[in-house]
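Taken in sequence, the protein lines are chains A and B.
If you read the first sequence in the numbering used here, its first letter stands for residue 669, the second for the next number, and so on.
If you read the second sequence in the numbering used here, its first letter stands for residue 669, the second for the next number, and so on.
To be clear, the hints were calculated from the coordinates, so they are not data collected in a lab.
Just to be clear, a hint being listed does not mean it is correct.
[Claimed, not checked] Some chain B residues close to chain A (C-beta under 7 Å, calculated; not the full set):
1) K844
2) M854
3) F922
For each residue, glycine too, the CB sits at the ideal point set by N, CA and C.
Number of protein chains: 2
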Amino acid sequence: MWKLTKDKKILIVGLGLLGGSYAEALTDLGYHVGALTRSESSIKYALEKGLIAEGTTEIDPEFIGKYDLLVFCLYPKVFLQWIKDNQKYIKSGALITDVTGVKRSVVYPIQSILRDDLEFIAAHPMAGREVYGVQNATKKIFKNANYIVIPTLKNTPEGIEACEELGRELGFRSVKTLTPEQHDEMIGFLSQLTHCIAVSLMVCKDSESLVDYTGDSFRDLTRIAKINESMWTELFYMNKDELLLQMELFEEKFNILKNAIKNEDTETIHEIMKLSTEKRKLFDREKTETPDEK
Amino acid sequence: MWKLTKDKKILIVGLGLLGGSYAEALTDLGYHVGALTRSESSIKYALEKGLIAEGTTEIDPEFIGKYDLLVFCLYPKVFLQWIKDNQKYIKSGALITDVTGVKRSVVYPIQSILRDDLEFIAAHPMAGREVYGVQNATKKIFKNANYIVIPTLKNTPEGIEACEELGRELGFRSVKTLTPEQHDEMIGFLSQLTHCIAVSLMVCKDSESLVDYTGDSFRDLTRIAKINESMWTELFYMNKDELLLQMELFEEKFNILKNAIKNEDTETIHEIMKLSTEKRKLFDREKTETPDEK
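Based on the provided sequences and hints, a complete structural model is requested.
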């Protein structure tokens with residue numbers, strides 16, 4: 669029976685911002701943490717800062733075979749390919765988890781090809797910064813963030829419990845459970861749609877002349893318009909059906925408001941604004957504190 | 669020749685959040701500040717806190733006639749009506765300014781009916797909070813905000829200079845000049861469009877179930893979705909042509925991105941995201957500090 673105990677050796681595959689932050693948190697808790705990543709300089713940095721006990725850039729069967737828990741912090745397609753190519757090296761009975769931002773297109777394919785003596789329990793730590801790389805890693809990003817476990821019928825109660833325990837150990841504000849379908853709808857709306865809106869708004873005008881006049885509204889709506897195009901395009905494609913549904917839902921609501929303004933339909937506008945005000949009140953808590961923000 | 673000197677008596681008409689903040693700043697600088705407003709309790713509060721030297725809720729010709737500078741902090745239509753009804757009581761040679769968030773539909777009508785011995789020079793202090801009323805007034809909201817002077821051919825160089833000086837005295841980060849047309853396009857885009865987006869996004873879904881999973885993206889995009897429906901509807905109507913143009917511009921860009929995602933047109937998506945990232949970098953400065961924010 670798999671249980672997250674301090675003797676478990678944890679391997680971070682993909683040592684970027686999230687992987688590095690996992691490494692810091694888990695090393696500080698006393699786990700043995702190793703890293704496997706493409707860049708030699710990331711390993712060097714993480715060793716110097718004491719984020720990991722050991723690391724390599726090589727697919728070394730002996731190294732991989734030592735670990736009890738593997739956390740994949742890779743782009744979705746790279747993750748899929750890695751499992752296909754290298755799952756043969758993973759220790760029997762090991763638990764696998766991830767940080768991928770889309771789920772249906774990752775969880776089902778991986779679980780369908782995974783060896784019977786391994787378990788993959790998906791997770792989505794909803795934490796991040798607008799900067800990348802292990803050099804920006806910090807476990808502080810977990811403090812006010814949500815951690816979501818995404819089990820399927822293929823998961824065991826022990827695997828699910830171990831993954832939840834990992835979220836608690838990392839210091840997340842809350843640990844919740846969703847199905848892959850619920851997760852992808854939610855993320856399509858809360859994260860992907862909002863990035864599409866921010867990006868579209870940002871490219872509307874020549875902005876140099878606007879900077880002088882900008883208040884916080886525009887600044888807030890476009891904070892996430894600085895975006896890693898390779899990662900986000902891949903995430904969009906892997907959740908395309910849901911994202912398009914959410915974009916259409918938003919367009920529909922926006923169009924209702926636009927027509928009400930055009931027709932000076934005050935009743936409809938007031939109704940929408942009152943509903944919006946009411947709904948927004950539910951979200952009034954302090955913002956997540958990340959080191960980028962005041 | 670009108671000049672903003674410390675002996676000038678300043679009347680705030682409409683003692684709410686902005687009017688109260690003007691009053692605090694100007695009183696602290698040593699000006700004699702009076703207030704004329706609808707609510708007795710606002711006057712009482714402002715007197716107790718030392719924001720004003722005197723105040724009334726009555727249209728008192730003698731009281732109004734004492735003032736050299738009148739700052740109107742009213743809804744646009746109320747402001748227009750006030751001038752029609754009461755400009756006869758204003759001291760000859762007085763200067764009038766305002767804080768109204770739309771300009772073409774306010775500046776031209778008022779300047780066309782104003783007595784020849786008065787001057788109205790329009791201004792838009794781009795500062796605010798998500799709360800209302802003199803009880804929430806504080807001059808701190810000006811610190812990192814922009815102040816825009818909006819002259820027309822009817823204004824004198826002295827009137828324009830005095831209005832700019834007022835912005836500097838209030839402590840704004842920057843004082844700029846725009847035409848009414850430039851102002852309304854800019855505000856239609858930066859402020860009104862962003863509020864329409866935030867409100868539309870907020871009413872898309874049943875949000876109670878979403879609160880648990882929300883990261884900062886959705887929170888940032890909907891911060892301004894708590895909205896005073898009467899004020900904003902009036903501002904929307906008074907800038908309707910420009911706002912509708914800006915809404916259509918945004919819809920166009922959003923649709924280009926949506927179709928690129930639908931067709932997996934990676935080149936177009938990357939192009940948009942790179943442009944967005946590039947443009948957003950221009951806006952990377954610290955957020956305006958208001959007392960609501962950390």
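- Message: Of the numbered hints stated earlier in the document, which are not met by this structure?
- Response: none
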